[in-house]
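Visitor: The chain contents come next:
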Amino acid sequence: MGIEIEQPCVQLSKVAVSETHGEDSPYFAGWKAYDENPYDELTNPSGVIQMGLAENQVSFDLLEKYLEEHSEASTWGKGAPGFRENALFQDYHGLKSFRTAMASFMEQIRGGRAKFDPERVVLTAGATAANELLTFIIANPGEALLVPTPYYPGFDRDLRWRTGVNIVPIHCDSSNNFQITPEALEAAYKEAEEKNTRVKGVLITNPSNPLGATIQRRVLENILDFVTRKNIHLVSDEIYSGSVFSSSEFVSVAEILESRGYKNSERVHIVYSLSKDLGLPGFRVGTIYSYNDKVVTTARRMSSFTLISSQTQHLLASMLSDKSFTEKYIKTNRERLRKRYQMMVEGLKSVGIECLKGNAGLFCWMNLSPLLENKATREGELELWNAILHEVKLNISPGSSCHCSEPGWFRVCFANMSEQTLDVALDRIRSFMERIRKY
Amino acid sequence: MCAPEATNLSMHKQLPFCTLKKQSLNMEILSKIATNDKHGENSPYFDGWKAYERNPFHLTKNPQGVIQMGLAENQLCFDLIEEWIRNNPKASICTPEGVHQFRDIANFQDYHGLQDFRNGMANFMSKVRGGRVRFDPDRILMSGGATGANELIMFCLADPGDAFMVPTPYYPAFVRDLCWRTGVQLIPVHCDSSNNFKITLPALEEAYQKAKEEKINVKGLIITNPSNPLGTTLDKDTLKSLVSFTNQKNIHLVCDEIYAATVFNTPSYVSVSEVIQEMENCRKELIHVICSLSKDMGFPGFRVGIVYSFNDTVVNCGRKMSSFGLVSSQTQHMLASMLLDENFVTKFLEESSRRLAERHDKFVKGLEEVNITRFPSNAGLFCWMNLKGLLEEQSFESELKLWRVIIHEVKINVSPGSSFNCSEPGWFRVCFANMDDETVDVALKRIRAFVGKEGTKKPLGFKRWRPNLRLSFSSSKFDHETVLSPHSPIPTSPLVRAT
Chain S
1 MGIEIEQPCV QLSKVAVSET HGEDSPYFAG WKAYDENPYD ELTNPSGVIQ MGLAENQVSF
61 DLLEKYLEEH SEASTWGKGA PGFRENALFQ DYHGLKSFRT AMASFMEQIR GGRAKFDPER
121 VVLTAGATAA NELLTFIIAN PGEALLVPTP YYPGFDRDLR WRTGVNIVPI HCDSSNNFQI
181 TPEALEAAYK EAEEKNTRVK GVLITNPSNP LGATIQRRVL ENILDFVTRK NIHLVSDEIY
241 SGSVFSSSEF VSVAEILESR GYKNSERVHI VYSLSKDLGL PGFRVGTIYS YNDKVVTTAR
301 RMSSFTLISS QTQHLLASML SDKSFTEKYI KTNRERLRKR YQMMVEGLKS VGIECLKGNA
361 GLFCWMNLSP LLENKATREG ELELWNAILH EVKLNISPGS SCHCSEPGWF RVCFANMSEQ
421 TLDVALDRIR SFMERIRKY
Chain V
1 MCAPEATNLS MHKQLPFCTL KKQSLNMEIL SKIATNDKHG ENSPYFDGWK AYERNPFHLT
61 KNPQGVIQMG LAENQLCFDL IEEWIRNNPK ASICTPEGVH QFRDIANFQD YHGLQDFRNG
121 MANFMSKVRG GRVRFDPDRI LMSGGATGAN ELIMFCLADP GDAFMVPTPY YPAFVRDLCW
181 RTGVQLIPVH CDSSNNFKIT LPALEEAYQK AKEEKINVKG LIITNPSNPL GTTLDKDTLK
241 SLVSFTNQKN IHLVCDEIYA ATVFNTPSYV SVSEVIQEME NCRKELIHVI CSLSKDMGFP
301 GFRVGIVYSF NDTVVNCGRK MSSFGLVSSQ TQHMLASMLL DENFVTKFLE ESSRRLAERH
361 DKFVKGLEEV NITRFPSNAG LFCWMNLKGL LEEQSFESEL KLWRVIIHEV KINVSPGSSF
421 NCSEPGWFRV CFANMDDETV DVALKRIRAF VGKEGTKKPL GFKRWRPNLR LSFSSSKFDH
481 ETVLSPHSPI PTSPLVRAT
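As you go down the protein sequences, you meet chains S and V in turn.
Heads up: the first sequence runs through residues 1 to 439, numbered per UniProt numbering.
Heads up: the second sequence runs through residues 1 to 499, numbered per UniProt numbering.
Note that these hints are calculated values from the structure, not bench results.
Residues from chain V that face chain S, not an exhaustive set, calculated with beta carbons under 7 Å:
| id | residue |
| --- | --- |
| 1 | GLU82 |
| 2 | GLU151 |
| 3 | ALA158 |
| 4 | PHE299 |
| 5 | CYS317 |
| 6 | LYS320 |
Computed from the model, here is a short list of chain V residues facing chain S with C-beta under 10 Å:
| id | residue |
| --- | --- |
| 7 | ILE29 |
| 8 | ARG103 |
| 9 | ASN107 |
| 10 | GLY144 |
| 11 | THR147 |
| 12 | PHE155 |
| 13 | MET297 |
| 14 | PHE324 |
| 15 | SER328 |
Label pairs and their calculated CB-CB ranges:
| id | chain 1 | residue 1 | chain 2 | residue 2 | range |
| --- | --- | --- | --- | --- | --- |
| 16 | V | GLN248 | S | LEU42 | 55 to 63 Å |
| 17 | V | HIS100 | S | GLU23 | 32 to 40 Å |
| 18 | S | GLY261 | V | HIS58 | 40 to 48 Å |
| 19 | S | LEU42 | V | THR266 | 54 to 62 Å |
| 20 | V | ILE187 | S | ASP225 | 47 to 55 Å |
The beta-carbon is built from N, C-alpha and C at its ideal position, and this holds for glycine as well.
The whole structure should be built from the sequences, with the hints applied where relevant.
Guide: Rendered as structure tokens:
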């Protein structure tokens, strides 16, 4: 008769056992449903269509064409010359040619209205890493960043999980098209103060995810003035800047700083990536552009944990320094996205569904609140979302997953599929709306 | 020498930018992490790097320059890889043969990683361990190089303020990798030459108890096997004792095995993953292995770091964390092909080992010709060189002084033992696999000339390096009776250390 002594379970870290990675949220059920029954035009035409993934698949042919025409430049060529140097290259400054190409690409996207110095470009493996890294640099555990709602759900993980930093929402709503007002900024700051939480910065996404709209110039000016008054940082996540349908409609914080002679610019940092604009999320290409010398130096050191593969830097350096290619790409990509957006929005309009007026991004912000009637609550929204997932067989993102304060809004992606698939999706929505009208 | 791998000294350059005015932002506005020193780059050891940067050696263009022997890189087998690449154009998504896969690969950002890549890694890791262990591809997690992998495992296992024990001497950048952003602290476990730097149970206990007394919460032990900087592998018994020790204390054991394929001589490599297969009642959930392709294959630029954990919760959480440092899908795709090519991998590992042995032997012979001994090693890309005889006195100040002489007069960048937190002065790590044969010859020539000069100096009251005072060196590389201590005339020499 032995006595069983229970082995003590060794603790993992608090970070490891927390849920701040965000993946246990109910809306991951949508991903599961898709994984279990993915739509395929030929082999599974009644499967779930993935409209919850903000990917840009509309312009791959342009990239493929470039590679076909320049395979020597982008590979290591026939004799693999340069392979060895490339395989050994782990300098956290990054390949100079790549940094220069990135700076120039960012300038082109902004129509030359802002200049970017390659010496201020810090490379990271994706915007995911860039956002986390900046948070480590500008805030201590327990401090906070103010983030306008609705926001990209991944921020909960990227800004908070390992950093221990908090997010305090800046509430925005449909009464003014979800624009960030000075009052909302002050209210958020005050909310943090009341919780004895020190605010270290504001993080905006411009163009916005999930709204699919650019932030207006005067709003950006207000935000800049606000962060200057409070002596805090501004992080501008501009990863969708190349996906603005019309170049003239995007104002980057970089332009405003330039127009102000870079006064007070040391508090501003821009995040960029090639995942959305070029449709290369697998390559893990993120950058931090900071006007603050100390942040650049520190970010560069920290990027050791998340460098971009030198093989990928080499490929993209060659591609992005080809100015005629990039000009053509940016223009064509914009046009195709605009067309998709129009197709989506008109299709929805024809069945009585309104979207927020958008001008950028890979998705639209759809208003289904009229369908909620007396169930205008988060629960009501989730019920509707479930119905769309299981009956209409579309995986879309409910506003609550983006911390939207008004129920009934949904983000619907349109650039990660063929036009035919988009047609099928719109057809399904049409039938769904007709079914609902009958009741 | 912190951050030897991913740095470039032009970081000290002033950042120019258009009309940007002087930065006046109050520095309190950055975090503590941003403003502390744990990135490690403010250490004095950067002199060596600066000297190299200012005046880098080149066989023909700058034969008087500083030779870089402080960088543990494996450059001996690129010809094999280049040949493979030429013969396998499909492995690249940029070639005409491979471009049809471009969009699927470019679009792939799943943090599980490409299945083929994981299979290839599992295959490679197994081959490196002589096929004695099989690895489960579903336990393979990616991270930004071994740098990222080491940080990731700390984030999973320890809270800020917790501690990990680490035997000395250890890789200097562990301070950055394990502590900087994680808030974890390191507790050194002292090892020294009196018993060939063995990691002993009393040393482990001493470190553990000291931490307990100071109310520090020890979460685990991290070892590097093969060792950097020693270049030796751990024997099975020692590994078993480390597993038992950590199991018994209920703490984690992290084994950094990034040099596993650089073993070039007997004894053959034993990985912790093999050892735990043989231990009944071993608590596998406490065991985690770090791998990389940076040293084994010479690909530091590709950022392939792997965390392999036997703990399911760590695998799940670590996988989510790998989002912060995924391997480029372009690189995963190419390496998947390469690593699944069984014949290539077998041939590569054999040839790499052979060339490392050859290079090691050549270098060590050159050192022996001038009576410089080194710690006998069977792995790694470097030698742990014993220069105690050249120190004015047995102190770290003397070590640094000697080091500066080596950099500025001999013009070789080596890494002083103190930068590895070695508890006794006089040891230097010198890398030999990051250059061609001719450069090795030049380096040896310079060392010969230097030692020849030093041998004729007669410094006052200092132990002089006499040519006939050779360390006993039997032909069996592992006759562990060497070391200076019994001959030291200084009764309280730090060399004689009770263990």
